[in-house]
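*Asks:* Chains as they are written, first to last, in our numbering: chain Z, 1 to 397; chain P, 1 to 208.
These aren't lab readings, by the way, just hints derived from the structure by calculation. Heads up, the beta-carbon is just placed ideally off N, CA and C, and yes, glycines get one too. Errors might be hidden in some of the hints.
[As the list claims (entries may be wrong)] Restricting the straight-line Cα-Cα distance to at most 30 Å, the calculated cross-link-like pairs of lysine-lysine (DSS-like) are:
id, chain 1, residue 1, chain 2, residue 2
1, Z, LYS327, Z, LYS397
2, P, LYS195, P, LYS117
3, Z, LYS368, Z, LYS397
4, P, LYS195, P, LYS114
5, P, LYS113, Z, LYS119
6, Z, LYS367, Z, LYS318
7, Z, LYS119, Z, LYS211
8, Z, LYS119, P, LYS107
9, P, LYS107, P, LYS71
10, Z, LYS46, Z, LYS367
11, P, LYS117, Z, LYS119
12, P, LYS89, P, LYS113
13, P, LYS71, Z, LYS367
14, P, LYS71, Z, LYS368
15, P, LYS117, P, LYS71
16, Z, LYS119, Z, LYS384
17, P, LYS71, Z, LYS384
18, Z, LYS304, Z, LYS270
19, P, LYS114, Z, LYS119
20, P, LYS71, P, LYS114
21, Z, LYS368, Z, LYS395
[Said to hold, decoys possible] Calculated Cβ distances over 12 Å to all of chain Z for the following chain P residues:
id, residue
22, ILE8
23, LYS71
24, ASP79
25, SER85
26, LYS89
27, ILE102
28, ILE106
29, GLU110
30, PRO121
31, ARG134
32, SER146
33, LEU148
34, PHE179
35, GLU180
36, TYR196
37, ASN208
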Amino acid sequence: MDAKTSVYSIGTPMLSNKILLLAIVGFLVVVNYSCRTKADLPEGVKVIAIDPDRDDGPVPEVIIERIIPLEVTDSSLLGDIYNYLSLRYHNGRFYLLDTWTTSTLYLFSDEGEFLCRTKRGRGPGEIITPYAFDIDRSSGNILLVDFGQASLITLDTELNIVDSRRWPDTVMLNDFRVLDDNRLLVYHDMSKTDVSPATGLRELYQYTIYKDYFTSANRLDIVINGRNPAILPSPFSLGDEIMLVAPYDYNVYRIEDNSAKPVYRFDFGKYSFTPDELNRLSDEEKMRLSSSGERVGSIAAIQKAGDFLMIVYTLEEKPVNVIHSFKTGNSYDLTRCFELGLLPVSVTVSRYEDNSFLAIAEAAEVKKLSELSEDYGYLDVTGKENPFLIVYSIKDK
Amino acid sequence: MISVGLAIVAIILLGRVIAHRKHLASITDQYYQTTGEIDARLILAETRLVGFKRKEMLELRTAHSIIPDLKLVEAISGDTVLLSSITGKHLLLYRFSESSCIDCVIKDIEALKKLSKRVPPEQIIAVGNYSSSRSFKAMINSYSLSFLAYNYTFPLGVPLQSENYDNDVPFYLVIRPDFEVILPYSRDDEIQNQKYLERIAEFFERIN
Numbered sequence: 001m002d003a004k005t006s007v008y009s010i011g012t013p014m015l016s017n018k019i020l021l022l023a024i025v026g027f028l029v030v031v032n033y034s035c036r037t038k039a040d041l042p043e044g045v046k047v048i049a050i051d052p053d054r055d056d057g058p059v060p061e062v063i064i065e066r067i068i069p070l071e072v073t074d075s076s077l078l079g080d081i082y083n084y085l086s087l088r089y090h091n092g093r094f095y096l097l098d099t100w101t102t103s104t105l106y107l108f109s110d111e112g113e114f115l116c117r118t119k120r121g122r123g124p125g126e127i128i129t130p131y132a133f134d135i136d137r138s139s140g141n142i143l144l145v146d147f148g149q150a151s152l153i154t155l156d157t158e159l160n161i162v163d164s165r166r167w168p169d170t171v172m173l174n175d176f177r178v179l180d181d182n183r184l185l186v187y188h189d190m191s192k193t194d195v196s197p198a199t200g201l202r203e204l205y206q207y208t209i210y211k212d213y214f215t216s217a218n219r220l221d222i223v224i225n226g227r228n229p230a231i232l233p234s235p236f237s238l239g240d241e242i243m244l245v246a247p248y249d250y251n252v253y254r255i256e257d258n259s260a261k262p263v264y265r266f267d268f269g270k271y272s273f274t275p276d277e278l279n280r281l282s283d284e285e286k287m288r289l290s291s292s293g294e295r296v297g298s299i300a301a302i303q304k305a306g307d308f309l310m311i312v313y314t315l316e317e318k319p320v321n322v323i324h325s326f327k328t329g330n331s332y333d334l335t336r337c338f339e340l341g342l343l344p345v346s347v348t349v350s351r352y353e354d355n356s357f358l359a360i361a362e363a364a365e366v367k368k369l370s371e372l373s374e375d376y377g378y379l380d381v382t383g384k385e386n387p388f389l390i391v392y393s394i395k396d397k
Numbered sequence: 001m002i003s004v005g006l007a008i009v010a011i012i013l014l015g016r017v018i019a020h021r022k023h024l025a026s027i028t029d030q031y032y033q034t035t036g037e038i039d040a041r042l043i044l045a046e047t048r049l050v051g052f053k054r055k056e057m058l059e060l061r062t063a064h065s066i067i068p069d070l071k072l073v074e075a076i077s078g079d080t081v082l083l084s085s086i087t088g089k090h091l092l093l094y095r096f097s098e099s100s101c102i103d104c105v106i107k108d109i110e111a112l113k114k115l116s117k118r119v120p121p122e123q124i125i126a127v128g129n130y131s132s133s134r135s136f137k138a139m140i141n142s143y144s145l146s147f148l149a150y151n152y153t154f155p156l157g158v159p160l161q162s163e164n165y166d167n168d169v170p171f172y173l174v175i176r177p178d179f180e181v182i183l184p185y186s187r188d189d190e191i192q193n194q195k196y197l198e199r200i201a202e203f204f205e206r207i208n
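Looking at chain Z on its own, in the form it has when it is part of the complex (with noise of 0.2 Å):
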């Protein structure tokens, strides 16, 4: 009895100290995963967890609303879709802008019927390569962006020019967004420029909003431990919103005024790069990892619906597609759909109307769907070249 209860009182202690041992390994877990997501997590910001290892998730329901064919003329073939296709919805009519394969901007009704399209030329009322595009929602003008001639281009809804002034040879323009008060959010290609070793942020600035056609500058700097990163991506319109996704700490800023407002941060879990890689690794050593898939690297684009928000993220350097519920925290992995043939494979490009999302689909994908799905058998694509739009909406099951 004794030696029971010397073994006993012995092993007490020491079961004890394996208790304390693991509650403090366990804490130290807990507490390294909370610091992963939520270090130097300003006010306000909501965490969006998605964990990229669950393939087996819930599945949305998935409503098309429509499924546009968009018109076939001689004048109005689009190019590659996937990659260099620019598209918004505005006032009843799709804007699709072209910069590879075209260098053209098209214009279609709701219906989808071709309505007319930019002229390619260096000559009056031409265009050479247009690049990046907005609508100026207050006066319905479309503002365009033509390299060719280092120029913003103020085109009407008929896409006539109405307007074209160079801008300043100091300003590096790559993409825009069109803000109020005559002024607008400009995005700058950094990937070549120097960093300071003074201030440790990149010569060439990321963002800036200008105001009255470039008279005055606001710099806007995305730093990520006291660095910008050498890659972002150029800025996201979310219905009347406008946003800017830092990678690697996946903070989602919102523009209010002149400054950036973090108001989101995504969470990848075991994918997300840690606080002390975030500060010690290169940008070199980030895209490593992000191209070996053991971290998440950029976030290619965000979209927002209702109460939904959707993500593309790049892992192992292929797009992963998901879309977040802001009601049930539930994230749904958009690829489960296509494979069931909820939506045919497409790609979200923006917001259709509030509550639903607007994307495009080669027509051979649109076919498939018609082959998996009895509610869509009615689909006919026969002749039908371009691609179609497809309006849906999502609701939580």
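On the provided structure of chain Z, position chain P as indicated by the hints.
*Replies:* What follows is chain P alone, placed relative to chain Z:
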């Protein structure tokens, strides 16, 4: 005495010309033997030929002839044709791909449109390598071409005349009626520019 002197000079010059020609022949024979080495050797051969100021086309030997039964899809009609059905005369072929620098392609096509005033349009073809026939058609539709454009999905198997070995670099070449490929000779800094096309135009004006 003067005539004897002139005769001696003439003989010496003739000898040098013959030596030049033999040397040129040895260079072209020597340097176009294996497909894998063709680019580097072509550059080397050109470098040597610069000294001769030779304004002729370099002819590639039979190992580098183009495939006569190469299948091409006409951009607008979508008809599939064999290359052999559109040759018969010398043919200027401009090739490019969907990953080519778009500004380069635009400039090249504009240059070809000008060239078609000196080279018969039926002797010019633009050949693109696009994965989507719609994209290719859309691209061609956006120009008013006086010559035909075709899409192909397999490599042409001809070398590039450029120090950039990227196969996507836009490129002009001439195909003889027997399907052998001819590359206009030019210095590196003339590649793809107006002088290069001028050489092609002169060649076609001479043979037509």
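*Asks:* Which numbered hints are broken by the structure, listed smallest first?
*Replies:* Those not satisfied are hints 10, 27, 28, 29 and 31.
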